[in-house]
Amino acid sequence: DGGITQSPKYLFRKEGQNVTLSCEQNLNHDAMYWYRQDPGQGLRLIYYSQIVNDFQKGDIAEGYSVSREKKESFPLTVTSAQKNPTAFYLCASSGRRAINEKLFFGSGTQLSVL
Amino acid sequence: SQKIEQNSEALNIQEGKTATLTCNYTNYSPAYLQWYRQDPGRGPVFLLLIRENEKEKRKERLKVTFDTTLKQSLFHITASQPADSATYLCARNNNDMRFGAGTRLTVKP
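Protein sequences appear in the order of chains P and D. Residue numbers for the first sequence follow my numbering, beginning at 207 and rising by one. Residue numbers for the second sequence follow my numbering, beginning at 609 and rising by one.
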């Protein structure tokens, strides 16, 4: 089945620790996105990538890093510089000309701080 | 700055009535607007896309309108059912998809 897979579903971070959230898609999509969602709030854009080896900061990139070495994969690292990392993280993908293409979302990763 | 806003945080309606959700945008003119549904603990799911030169788009019990004069999109669910209870998000795309905060719809039996 084609789709977008996020793992793990739940993740716990200790103080000062970096953690990496996985996002893999087999839809052959060029564009991939990372969003953060806090309880009762909308989606805020962290990073996005329109093509392999290229990515841009979204509205809340501080304390996060990404890589796009393969078309299928767009991992997100939550660094120790992110002081309030507890949130629901969503990965999405779409065709390259995303201006008129819908996003396909993964099922999300809930990150909590120990 | 470019903004996309959904005015109502929550909307409660009775089963069978029409739900109307509002999405406003400021400081830009999007060529397209999209609407998504999100259930608790899940990723959003695409529902409808409307172009700026389309006044209205329909899909089963769903209808979306796009008013470029008012800078507003309305999302309607007719003959609402309890299963329609969810958060509905509008979004605009300039190659960096931005979402509104969402409206949580509750349909009561």
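The hints are simulated quantities; they were obtained by calculation from the structure and are not laboratory data. Take these hints with a grain of salt, some might be off.
[Said to hold, decoys possible] Listed next, the in silico DSBU-like pairs over lysine-lysine satisfying Cα-Cα at most 30 Å (straight line):
id	chain 1	residue 1	chain 2	residue 2
1	P	K215	P	K289
2	P	K289	P	K220
3	D	K667	D	K679
4	D	K611	D	K671
5	D	K611	P	K263
6	D	K625	D	K679
7	D	K679	D	K663
8	D	K671	P	K263
9	P	K289	D	K611
No experiment lies behind these values; they were computed from the predicted model shown.
Here is how each hint holds up against the structure:
1. P:K215 x P:K289: Satisfied, since the Cα-Cα distance of roughly 21 Å is no more than 30 Å.
2. P:K289 x P:K220: At roughly 11 Å apart (the allowed maximum being 30 Å), K220 (chain P) and K289 (chain P) satisfy the hint.
3. D:K667 x D:K679: 22 Å, holds
4. D:K611 x D:K671: Holds, at about 23 Å.
5. D:K611 x P:K263: 17 Å, holds
6. D:K625 x D:K679: Judged against 30 Å, a Cα distance of about 26 Å means the pair holds.
7. D:K679 x D:K663: Since the Cα atoms of K679 (chain D) and K663 (chain D) sit roughly 12 Å apart, the hinted pair holds (cutoff 30 Å).
8. D:K671 x P:K263: Violated: K671 (chain D) and K263 (chain P) sit about 34 Å apart, past 30 Å.
9. P:K289 x D:K611: Holds, because 26 Å separates the two Cα atoms, which is no more than 30 Å.
Hint 8 alone, counting from the list given before, is not met by this structure.
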